[in-house]
Amino acid sequence: MRTRGRLGDRLLHAYTWLIIVWLSSPIAVMILFGFNDKKSKSNTTWQGFTLRWYTELFDISDLTVALRNTLVIALVSTVITVVIGTMLGIALGRHRFRGAGATNFLVFAAISTPELVMGASLLSLFVSGNVPRDANTIIIAHVLFSLSFVVVTVRARVVGLDPSLEEAARDLGATAWGTFRQVTLPSIMPGVLAGAMLSFALSIDDYVVTSFVNGSTVTFPLWIVGAVKTGIPPQVNVMGTLIFGVGVLIAIASAVASRRRA
Amino acid sequence: MKRLTPYLLVLPSWIWLAIFLVVPMAAMASVSLQTGNAIDGFAMTFSFSNYGDALSRYSTQLLRSLLYGGLATVAMMLIGYPVAYWIAFRGGRRKSMYLFLLLLPFFVSFVLRTISWNFLLADNGILFGTLKGWGLLPEGFHVLATTFAVVGGLTYNFLPFMILPIYVALERVDPRVVEAAQDLYATRGAAFRRVVLPLSLPGVFAGVLMTFVPATADPINAAILGGTSNTMIGNIIQTEYLTNLNYPTASALSFTLMAVLLVGIFVYARVLGTENVLEAAAR
Amino acid sequence: MNPFMRGMTQPRTRRDIFKLAGASAAGLALAACGVQGQKAAPPKADAVADFWAKQQKHGKVVFANWPEYMPEDKGPLEKFKADTGISYEYKEVIQENAEFFGKADPVLRAGQPLGYDIVVMTNGVQLQHMIDLGYVVPLDHSKLPNFQANAGQKYKERAYDPGNKYTVPYTSGVTGIAYNTNYIKDDLTSIEALFDPKYKGRVGMMADAQEIGNFGMISLGIAPETSTEADWRKAGEKLKAQRDAGIVRKYYDQSYIDAVSKGDLWISMAWSGDVFQRQLAGEPVKFYVPEEGGTIWTDNMLIPKGAANPVDAIMLMDYLYQPAVAAELDEFIQYVTPVPAVQDLLREKAASATGEEKKTLEEMVASPLMFPSDEEYAKLHSYTPLTTQQEQVFNPIFQSITQA
Chain E
1 MRTRGRLGDR LLHAYTWLII VWLSSPIAVM ILFGFNDKKS KSNTTWQGFT LRWYTELFDI
61 SDLTVALRNT LVIALVSTVI TVVIGTMLGI ALGRHRFRGA GATNFLVFAA ISTPELVMGA
121 SLLSLFVSGN VPRDANTIII AHVLFSLSFV VVTVRARVVG LDPSLEEAAR DLGATAWGTF
181 RQVTLPSIMP GVLAGAMLSF ALSIDDYVVT SFVNGSTVTF PLWIVGAVKT GIPPQVNVMG
241 TLIFGVGVLI AIASAVASRR RA
Chain L
1 MKRLTPYLLV LPSWIWLAIF LVVPMAAMAS VSLQTGNAID GFAMTFSFSN YGDALSRYST
61 QLLRSLLYGG LATVAMMLIG YPVAYWIAFR GGRRKSMYLF LLLLPFFVSF VLRTISWNFL
121 LADNGILFGT LKGWGLLPEG FHVLATTFAV VGGLTYNFLP FMILPIYVAL ERVDPRVVEA
181 AQDLYATRGA AFRRVVLPLS LPGVFAGVLM TFVPATADPI NAAILGGTSN TMIGNIIQTE
241 YLTNLNYPTA SALSFTLMAV LLVGIFVYAR VLGTENVLEA AAR
Chain U
1 MNPFMRGMTQ PRTRRDIFKL AGASAAGLAL AACGVQGQKA APPKADAVAD FWAKQQKHGK
61 VVFANWPEYM PEDKGPLEKF KADTGISYEY KEVIQENAEF FGKADPVLRA GQPLGYDIVV
121 MTNGVQLQHM IDLGYVVPLD HSKLPNFQAN AGQKYKERAY DPGNKYTVPY TSGVTGIAYN
181 TNYIKDDLTS IEALFDPKYK GRVGMMADAQ EIGNFGMISL GIAPETSTEA DWRKAGEKLK
241 AQRDAGIVRK YYDQSYIDAV SKGDLWISMA WSGDVFQRQL AGEPVKFYVP EEGGTIWTDN
301 MLIPKGAANP VDAIMLMDYL YQPAVAAELD EFIQYVTPVP AVQDLLREKA ASATGEEKKT
361 LEEMVASPLM FPSDEEYAKL HSYTPLTTQQ EQVFNPIFQS ITQA
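Protein chains in written order, with the working numbering: chain E, 1 to 262; chain L, 1 to 283; chain U, 1 to 404.
Honestly, the hints are just simulated from the structure, not real lab data.
Keep in mind that the hints are not guaranteed to be accurate.
[Stated by the list, open to error] The list that follows gives simulated cross-link-like pairs (lysine-lysine, BS3-like), each with its CA atoms no further than 25 Å apart:
1) LYS74(U) - LYS359(U)
2) LYS39(E) - LYS74(U)
3) LYS358(U) - LYS74(U)
4) LYS154(U) - LYS165(U)
5) LYS57(U) - LYS79(U)
6) LYS74(U) - LYS91(U)
7) LYS54(U) - LYS165(U)
8) LYS198(U) - LYS240(U)
9) LYS200(U) - LYS238(U)
10) LYS200(U) - LYS132(L)
11) LYS286(U) - LYS198(U)
12) LYS185(U) - LYS132(L)
13) LYS132(L) - LYS198(U)
14) LYS60(U) - LYS81(U)
15) LYS39(E) - LYS286(U)
16) LYS238(U) - LYS379(U)
17) LYS358(U) - LYS39(E)
18) LYS54(U) - LYS143(U)
19) LYS234(U) - LYS379(U)
20) LYS185(U) - LYS198(U)
21) LYS54(U) - LYS81(U)
22) LYS39(E) - LYS359(U)
23) LYS349(U) - LYS39(E)
24) LYS74(U) - LYS57(U)
[To be verified] Derived contacts from chain L toward chain U, CB cut-off under 8 Å, selection only:
25) ALA38
26) ALA122
27) ASP123
28) ASN124
29) LEU144
30) GLY226
31) GLY227
32) THR228
33) THR231
34) ASN235
35) ILE236
36) THR239
37) TYR241
38) LEU242
39) THR243
40) LEU245
We put the beta carbon where it would ideally sit given N, CA and C, even for glycine.
Given these sequences and hints, build the entire structure.
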């Protein structure tokens, strides 16, 4: 019984890695073609190895600006989304209040609105309010469509948490804020972190909504979609590789750090 | 103060949703009842028939979308649950690292991922070409431009949105409870069914909400991976809006889609055994 | 001043403009009054002259274009700046015609400026809508001497913008047929190859209603420019039969070219520029304009309504028609240039170049994909010009095939 359990664990461990590899498999191709010594504009046939695109990484100025815009927008919108989404998630999972039903409905509506409709209707709103479209309106839109994902994830964590711990903390004289920081937040942290990651992923890769509310601010996904017309330059692959590489480094660092702490 | 707390917590989101979601949706609802064309202008005529017309013209694509979205969601549940389970109970201190690695591919543009998939899955590419060379696959075999590719693409693209909430719900289950259950019940299967699964249901519900709904509305996978009869409702909405400038039909289709999805989620909540759908959503 | 022309350069009155604080009021107002129509009356000739007479050069221009449509050193724009003293802002903000129009429509409808003086759009429904809605400033041809002198004849007679009233081409290409020579050894010449059951499941058609509709008509011997509703229906039947017989693998956007070069498709409707890139990369793709005919498309420069610097914009448009400048652009973009003299200039450049550059330049000069012959030009049709009413018939006929 126990042996089978350990075998099962090992199989599941291998399975988890298999899924990670499956999800990452297209990334391998992307990385490979960042080294392609291509002769024409199209970068789809392997034509030899080169490091040229790494040395010329920032030669396409508009692309560089687009990448920077994307990273800034993703960071800012993630922070806003996580803060207000966590608050709403806690409220919906923990408290009873008037309008909870309507709020749930709105959270659902925000997920189910087709991206195109959301982008187009936001643009009409901004135009009729005479709001200039720039990075700020992109951030507003990104917060709007990622909010529900954070709320739903946090709520799934909050529901079923034992409220007696918080009550105990308050009985011991902790302030409301102190209770939240010392008791509630740590216990919902996995949900908040997961929501943050989802929100970041949604923002950094959004095309449709952004294409409506961007004004003349260009983001990384927008530039790439436009470049498909004449052929995506390998610098795009290199930038994708760097994003992925930095991510892997962060993952490794966090794993090492947790081992030290252990 | 205590009674005010929930209202303070929801206030920022309410403001955000009211200005940026409710107002545009009200405008969209009004557009869905108008008639006219983009050049001469649209006028409000309260044509509820827009809904009937749109539905009768595009019912095939709508039903197909629900089918594909549903299939993909089931696939995601089956594929994702074991991953979430393992990370939650056996991930140890590296839990966040595993989650991060699952999401990392989605930090890179979907255009690059798509181009890579087209490269990997080409009819005679490095995968199928090799297998065909060994005689393991028939010559005409292909995955791209099929229903399987569309559902597979949806499954691939939304999988992390299933895994993360399930993980979040499972992670708070004390492993000792699981062990106790295993001692209590005769088999591990029974222990899982009676103890772990019920505790993870809020996560599964959240996962389904976050995958079924966007997957059903998704236009990208059908456009890139589908064949001649895999068009989904998201593609129709795009064409009606951007190419035909038929804003009323596009709006009516969007509302119909949202209503159908809401009913779908409601039915699903019922199947889960919850009385009230909004309460279920809160659970 | 003619109210039509005033609307073109200045935002309309501000009465319908709301502050964000009153956004819900805006939403309700929008809900109550619907979407205003903007049908444009054709501008009177003297109105156009009046408009241009009042405009002045401002010394700057904002150019909105697609990515990778200008050399990285911005050579042509730098020369323009040196020659005219007009500074430029160049923005790679256009990704798709449909999305671009979707974004521009509410802004221009509200009478607000887009913030660009030149915009590049492909001929097609969205450009047609821009013109029909009065979103495009008519051009003053007295300010376009280089265009008159250097543009090829085919670029001056286009069904969708007769007399270049609103647009001049930036670059162009041919829609023809591409096939993979690893799988098809025959020398193909006919459009019928797309309908050949021999290639069942290996044929790619384009998803765009105009593109596929045109090819359906050409295969029936109908000229798209002068086609009628009955012709569209006949073409629709033929294309539906092609689909039902399982001949078509999929209706494509630009991704068809990957599919052809990898062999997923053996034969497909294709754009010349894509095929030329693949040939340079050594991939086994061949292109031909069917003997029955093909179509020519162009990406066009236009001045959007409300542009701040129309004079500087039209000067830049015209500047790009100087053969030397056009040659520099075309060498980078590698599509078909509207300036035929470019071929000789690039030939001269090839003669004095060396090594890899010489080879590439020679291939470019020799390629019918960059420089179609007169004989090929003669076979090329324009798109079907459609009124809004016609469009509501035309689009569903072909969309019901491509989006079943």
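- [ ] Of all the hints given earlier, name the ones this structure violates by number, lowest first.
- [x] none
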